[in-house]
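Peer 1: Residues per chain, in single letters:
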Amino acid sequence: MYSLFQFVILLLLVTDLIMLWSGRILMLIRLSALQGALLAALLLLPVDGALNAELVLLSIAVFCLKGVGFPVFLRHVCHKLGLEPVVRPRLGRMYPMAGGLVCLAFSLWLEGRIPAAEGLFPPMLFPVALTTLFCGLILVVGRAKALAQVIGYLVVENGIFLLGIPLMTEGSVWFELSILLDVFAAIFVMAIAINHINSAFDSIDVARFRNLRD
Amino acid sequence: MTLALLLLIPLLAGLLMFVPGAWPRRGLLVATALAHLCLSCLTLRAVGNAEAPTALFGLLRPDALGVVFLMLASILFTAASVYAVGYLREEEKKHVKRDLQKGQLFTNAPETRFLSCLCFFVAAMTLVTTTANLGALWVGIEITTLASAPLIYFHRHQSSMEATWKYLMICSVGIALALLGNILMTVAFHNPAAPSAEGMDQLSAFMEKAREVQGTGRALWLKAAFIFLLVGYGTKMGLAPLHTWLPDAHSQAPSMVSGMLSGALLNCALLGILRGHQIMRAASLGDFSGGLLVFFGLFSMVTAAVFIVGQGHYKRLLAYSSVEHMGILALAFGVGGGALFGGMLHAVCHSLTKCMLFLVAGNILTRYHTLSSYDVRGLRQDMPLSGALWTAGFLAIVGSPPFGLFLSEFTILKGIFAHDGLGVALVYLAALAVIFVGMSIPVLRMAQGTPPHDVPMDYHESLFSVLPPAVLCLMVLCLGLYVPDWLTETLNRAAALLGA
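Chains as they are written, first to last, in the working numbering: chain A, 84 to 297; chain B, 304 to 803.
Fair warning: there could be bad hints in the mix.
[Stated by the list, open to error] Quick list of the computed label-pair ranges, beta carbon to beta carbon:
1. B:G802 - A:L203: 26 to 36 Å
2. A:A181 - B:G518: 32 to 42 Å
3. A:V185 - B:P755: 49 to 59 Å
4. A:G195 - B:Q404: 50 to 60 Å
5. A:F267 - B:A355: 56 to 66 Å
[Said to hold, decoys possible] The following residues of chain B were derived to be distant from chain A, with all beta-carbon distances above 12 Å:
6. R459
7. S463
8. S507
9. V609
10. P687
11. L735
12. Y785
These are calculated hints, taken from the structure and not from any lab test. Ideal Cβ positions, reconstructed from N, Cα and C, are used throughout, including at glycine.
Required output: the full structure, derived from the provided sequences and hints.
Peer 2: Structure, rendered in structure tokens:
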């Protein structure tokens, strides 16, 4: 069980790095779906072996929303607006990838520096969660298409969710569900906004946002 | 029951707005605002009498700090609702709407959606200000973003879309970082030997546990948690350099929405930071969190001063003034001691004044159809009431006597000196002086002179557009001349929670 847990975490890390490299919007959506499915799987693999009904419920909710719901919805938006399949990274491919690797190195270094509560974080969970968060931020800043920025936001949220997994107790599941609901609402509102951006600018390229300056 | 209704009434009103048919939705908005104001007053009285009201299984448990921000949100919601009646009526009359920047035609969002989002926005702020659960506070602040984004995009043109998208993305990512702060705080207090059982009142539970953290390695987690809370909620609060969304959103939103964003929403984000500061103080790490607040406070004031000088866009001018005042608040709460009371009074006076100024800015925009301060002249003659309120609001916001902000800024200065912060006091005074000069030039240019000839003459100031800012102005003036005992006591109790 423990090695499977580690394997899933490493898979998450791999998806982060591929996302930074990828230049295709559909690939980003697929990878975000994979991340959602991996997070749902992690909830079913508690390292202390204590699986309860609430965790199973949360896992199902995470899979339904992050693994299936959001990707299908974003794909629908993509097709409805007839978007170009290629996402032009503002910073090219090498810089985001290098940034991601630097963030990974920093997270590994930080894990050794901060004394965590004994046995709270399984090995690699903390640095991978932090790297996921940083990769999400790089996607938000480094991509010009609004849809890619939404996926970046989802990746940031995935990193934070991963960090919270060891802290999930029976009482905190309701809170996790309300966060999921919030993220769902956020993605929904952002998707509506993307629709309006496309109508107003004939594109979802946020690099065209030049009206508001001092 | 009162507390539960406080949350449920705007929520239900928001849902009711979607009921189809032609019925007086604007009336429902005003009724909701008045009911919310009455219930907020009852909550304030209950908290003032040390009754410790709770509702919804302990989810709502307001204290003196939260109830001050609740009252402010409620007062501004009432003012904005009354103003909205006149504003929406005027919007209805316009058959052709053109973007001021590019001259492109645009339409407004459906009024039903606008009114509904306004109610949801207030419900979310009510949750933020009345809960003692840090998770619920986070959820509330996230909902404020989602509910207010459609409000900013009421006028559907390119500029407001740009502002809305920046607001959505920057604040959503910022608030996600605040969630990370919440998680790190839980890590700091995690004790495998004694599993967590804090229940709904997470704030008290964390403050109780904070003593155990002193001098241990877990203090490092707590510091990291506060940094993320500061960055996350600081983004929403508009602390520099995280403020980039604020001038855009405030300048593009309808004026009553700008007033609520600036006067009520920024306070909610500040409350999130103050909750973290309370826990840090309980863990004897108040110097760390206070130092960060002082730094970001001063940095925000200096940044605002730089952007205010030479600012030609009068709504952006007010937005940068909000960055300045959020800086003053962060500074006051970071310094602590006597500055805390000044900070609380400043929060009250700033909210009232800024909302008033945005409402008057809305009147000017309706009359002159421009956001440039260079194209507005002779307000005193052309719009006597709005012109007088604009000048009075300017004097109030820059901290001139006899308005309340003079008293609060002076109290904060005394607090800084009592803390031996000569360098801090110098930067504070220098920034205030630069901002005074920077704001006075465009504001007085707009008030004086003769009105442009191409402005249509058939204009009169409606009661709906003048009454709400006039009442707010009167309140700020009264607070400068006399602070009632009950308010002093409430503000003192709120300051005491932060260590005064």
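Peer 1: Are any of the numbered hints broken by this structure? If so, which, sorted upward?
Peer 2: 5, 6, 7, 9
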